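Position chain B relative to chain A; hints supplied.
Taken in order, these protein sequences are the chains called A and B. At position 103 of the first sequence the residue is numbered 103 (the UniProt record's numbering), and the sequence of numbers has no breaks. At position 245 of the second sequence the residue is numbered 245 (the UniProt record's numbering), and the sequence of numbers has no breaks.
Calculated from the structure, these hints are not laboratory results. Just so it is clear, the structure is predicted and the values come from calculations on it, not from any experiment. Do not rely on the hints blindly, as some may be mistaken.
Said to hold, decoys possible - Straight-line Cα separation of at most 27 Å, DSSO-like style, residue types lysine-lysine; simulated pairs: (1) A:Lys207 <-> B:Lys263; (2) B:Lys202 <-> B:Lys259; (3) A:Lys204 <-> B:Lys49; (4) A:Lys49 <-> B:Lys207; (5) A:Lys263 <-> B:Lys207; (6) A:Lys202 <-> B:Lys263; (7) B:Lys207 <-> A:Lys255; (8) B:Lys49 <-> A:Lys180; (9) B:Lys259 <-> A:Lys207; (10) A:Lys49 <-> B:Lys204.
What the hints assert, rightly or not - Quick list of the computed label-pair ranges, beta carbon to beta carbon: (11) B:Glu235 <-> A:Asp208: 35 to 41 Å; (12) A:Glu21 <-> B:Trp156: 43 to 49 Å; (13) B:Glu155 <-> A:Glu21: 47 to 53 Å; (14) B:Glu3 <-> A:Ala273: 45 to 51 Å; (15) B:Asn72 <-> A:Trp156: 39 to 45 Å; (16) B:Asp208 <-> A:Ala266: 22 to 28 Å; (17) A:Pro189 <-> B:Glu260: 23 to 29 Å; (18) B:Glu260 <-> A:Trp156: 43 to 49 Å; (19) B:Glu34 <-> A:Ala266: 38 to 44 Å; (20) A:Glu28 <-> B:Asp62: 44 to 50 Å.
Backbone N, C-alpha and C define an ideal beta-carbon position, used for all residues, glycine too.
2 protein chains.
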Amino acid sequence: MSEYMARTLFFTSLLYRTTTEHKRAVAEFCGNVELCRLTEQVVFSDPYKVSEYNHWTSPYLDRDAEAVRNDNILKLEVAELKSMFCERAQALIHGDLHTGSVMVTHDSTQVIDPEFAYYGPMGFDVGAFLGNLILAFFAQDGHADEGNDRKAYKEWILRTLEDTWNLFHKKFTALWDEHKDGSGEAYLPAIYNNSELQLLVKQKFMKDLFHDSLGFGAAKMIRRIVGVAHVADFESITDASKRAVCERRALDFAKVLLKERRKFQAITEVVLAIQKLHA
Amino acid sequence: MSEYMARTLFFTSLLYRTTTEHKRAVAEFCGNVELCRLTEQVVFSDPYKVSEYNHWTSPYLDRDAEAVRNDNILKLEVAELKSMFCERAQALIHGDLHTGSVMVTHDSTQVIDPEFAYYGPMGFDVGAFLGNLILAFFAQDGHADEGNDRKAYKEWILRTLEDTWNLFHKKFTALWDEHKDGSGEAYLPAIYNNSELQLLVKQKFMKDLFHDSLGFGAAKMIRRIVGVAHVADFESITDASKRAVCERRALDFAKVLLKERRKFQAITEVVLAIQKLHA
Chain A
1 MSEYMARTLF FTSLLYRTTT EHKRAVAEFC GNVELCRLTE QVVFSDPYKV SEYNHWTSPY
61 LDRDAEAVRN DNILKLEVAE LKSMFCERAQ ALIHGDLHTG SVMVTHDSTQ VIDPEFAYYG
121 PMGFDVGAFL GNLILAFFAQ DGHADEGNDR KAYKEWILRT LEDTWNLFHK KFTALWDEHK
181 DGSGEAYLPA IYNNSELQLL VKQKFMKDLF HDSLGFGAAK MIRRIVGVAH VADFESITDA
241 SKRAVCERRA LDFAKVLLKE RRKFQAITEV VLAIQKLHA
Chain B
1 MSEYMARTLF FTSLLYRTTT EHKRAVAEFC GNVELCRLTE QVVFSDPYKV SEYNHWTSPY
61 LDRDAEAVRN DNILKLEVAE LKSMFCERAQ ALIHGDLHTG SVMVTHDSTQ VIDPEFAYYG
121 PMGFDVGAFL GNLILAFFAQ DGHADEGNDR KAYKEWILRT LEDTWNLFHK KFTALWDEHK
181 DGSGEAYLPA IYNNSELQLL VKQKFMKDLF HDSLGFGAAK MIRRIVGVAH VADFESITDA
241 SKRAVCERRA LDFAKVLLKE RRKFQAITEV VLAIQKLHA
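Okay, chain A solo, but in the shape it has when bound:
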């Protein structure tokens, strides 16, 4: 998945393309407005207002859902993410890159369901995938029983979370290095002409992308708990009170992640925060 994200996002961005190619492609995908609107509604709007489409593990999470609707700081931050989703044509994104869109066998990984694709912020794809992994982590306690405490699986999920970002970072910046003297017009080689500066712009770009990814990932976690479509990881916990406990932990973490995403400097800090909350 790191390879998929690094390649699709890099090669459709201004790091690789001229602005002429970019604007032509952006215009082409502006037609996909109906599915963008659906995302705007289910990710950035419905969870933050009363909506007939919302549902949650009731009555356990009634007050949690209400708290989301009444959280001014959360809604302020969500507005910034929504603006980015609607206005920023950074790369051709999948637009619905949850783990259910990824088909895996031992020797092959395939991504399906590209109908939401359009030019948007890279962090929306990266965050969708990371957010789904975090949801899966928080769901495991609801599936634990005497025969299997799920501890090893939980550790595997956190390791995968960390590896996914780190590998994505590595592959993305490697593509950037490889093509830095190519036709991409974001950072012209005649201007970004010394290694110190090249490092500076790369660090800034990746830091911003990391924070965008955490923000979008958190927004997608929230909508999977109090919005319209939920995830199998939680839905398959049959005991509702047990499910609610797991969901509340995930929701509380997502709120912190969304509001304080800029405080995280590395994915290890996110993993530590999850472990701390969950101890």
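Okay, now just chain B, sitting in the frame of chain A:
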């Protein structure tokens, strides 16, 4: 001009429009890629590299122009502004809103030359106008003589700078208030449903727009001193050494403004910084 900017930017943004209308309009203006590319080159690229199109008051500013080309932090910040210019479809902007595009009589103000128009960041228009006023301010000492020290005119320019932003802010937020329950989809009334939150989102939006405007304004000042097309305010100073002194002051201020734009909380602070530098 405040009225013009407030109305054109507000009514073509997601504060007033649905995302369906917005995406359709964005696609339409993606065709104007050649003039966008010209702006990218003359504003965000040429001044920061050796280019046959650049010129400046030589030999006086040779080292100043070289310093611009070697300023890593400046180039890091310029990259962020360029990304915003290329990727962020916030509103239909004029794209070349320097003071020469504004025709004024006693009872009428008309804006001409809309050929650069496309969907871009609002701050590019606001900044272009503010930046031109600041350039005009710094040019006055080159025109002062025994008969006219230009002091009153300089004060008028700074007052106009302050009034332009403040009036723009007032008119823009008034339009927002007036249409807050309309069809604009950035901040849905069902979500942004209390006055504290409405104030928060407005403050954040206007603060970000202010900083964008200062950044773009500074970038346009720099390109008017060491890039291809200069301004009459400076060009009409016939004594080259005198002109260079004025231009250097403007350039030094623009560099500070671009790099430290986020430190300014209000336009009065910008005016104070100009006065301090110029004392």
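Evaluation of the provided hints:
1. A:Lys207 <-> B:Lys263: OK: Lys207 (chain A) and Lys263 (chain B) at ~21 Å, within 27 Å.
2. B:Lys202 <-> B:Lys259: Between Lys202 (chain B) and Lys259 (chain B) the Cα gap is close to 24 Å, so the pair holds against 27 Å.
3. A:Lys204 <-> B:Lys49: The given pair, whose Cα atoms are some 21 Å apart, holds under the 27 Å limit.
4. A:Lys49 <-> B:Lys207: Roughly 26 Å between the alpha carbons, so the hint for Lys49 (chain A) and Lys207 (chain B) holds.
5. A:Lys263 <-> B:Lys207: Holds: Lys263 (chain A) and Lys207 (chain B) sit about 21 Å apart, inside 27 Å.
6. A:Lys202 <-> B:Lys263: holds (24 Å)
7. B:Lys207 <-> A:Lys255: holds (24 Å)
8. B:Lys49 <-> A:Lys180: holds (16 Å)
9. B:Lys259 <-> A:Lys207: holds (18 Å)
10. A:Lys49 <-> B:Lys204: holds (21 Å)
11. B:Glu235 <-> A:Asp208: 35 to 41 Å: The hinted range 35 to 41 Å holds for Glu235 (chain B) and Asp208 (chain A), with Cβ atoms some 39 Å apart.
12. A:Glu21 <-> B:Trp156: 43 to 49 Å: Since the Cβ atoms of Glu21 (chain A) and Trp156 (chain B) sit about 47 Å apart, the hinted range of 43 to 49 Å holds.
13. B:Glu155 <-> A:Glu21: 47 to 53 Å: Given about 49 Å between the Cβ atoms, the range holds.
14. B:Glu3 <-> A:Ala273: 45 to 51 Å: Cβ of Glu3 (chain B) to Cβ of Ala273 (chain A): about 48 Å, so the range 45 to 51 Å holds.
15. B:Asn72 <-> A:Trp156: 39 to 45 Å: At roughly 42 Å between Cβ atoms, Trp156 (chain A) and Asn72 (chain B) fall inside 39 to 45 Å, so the hint holds.
16. B:Asp208 <-> A:Ala266: 22 to 28 Å: Holds, since Asp208 (chain B) and Ala266 (chain A) (Cβ atoms, about 26 Å apart) stay within the stated range.
17. A:Pro189 <-> B:Glu260: 23 to 29 Å: holds (27 Å)
18. B:Glu260 <-> A:Trp156: 43 to 49 Å: holds (46 Å)
19. B:Glu34 <-> A:Ala266: 38 to 44 Å: holds (42 Å)
20. A:Glu28 <-> B:Asp62: 44 to 50 Å: holds (46 Å)
Consistency note: the structure conflicts with none of the earlier hints.
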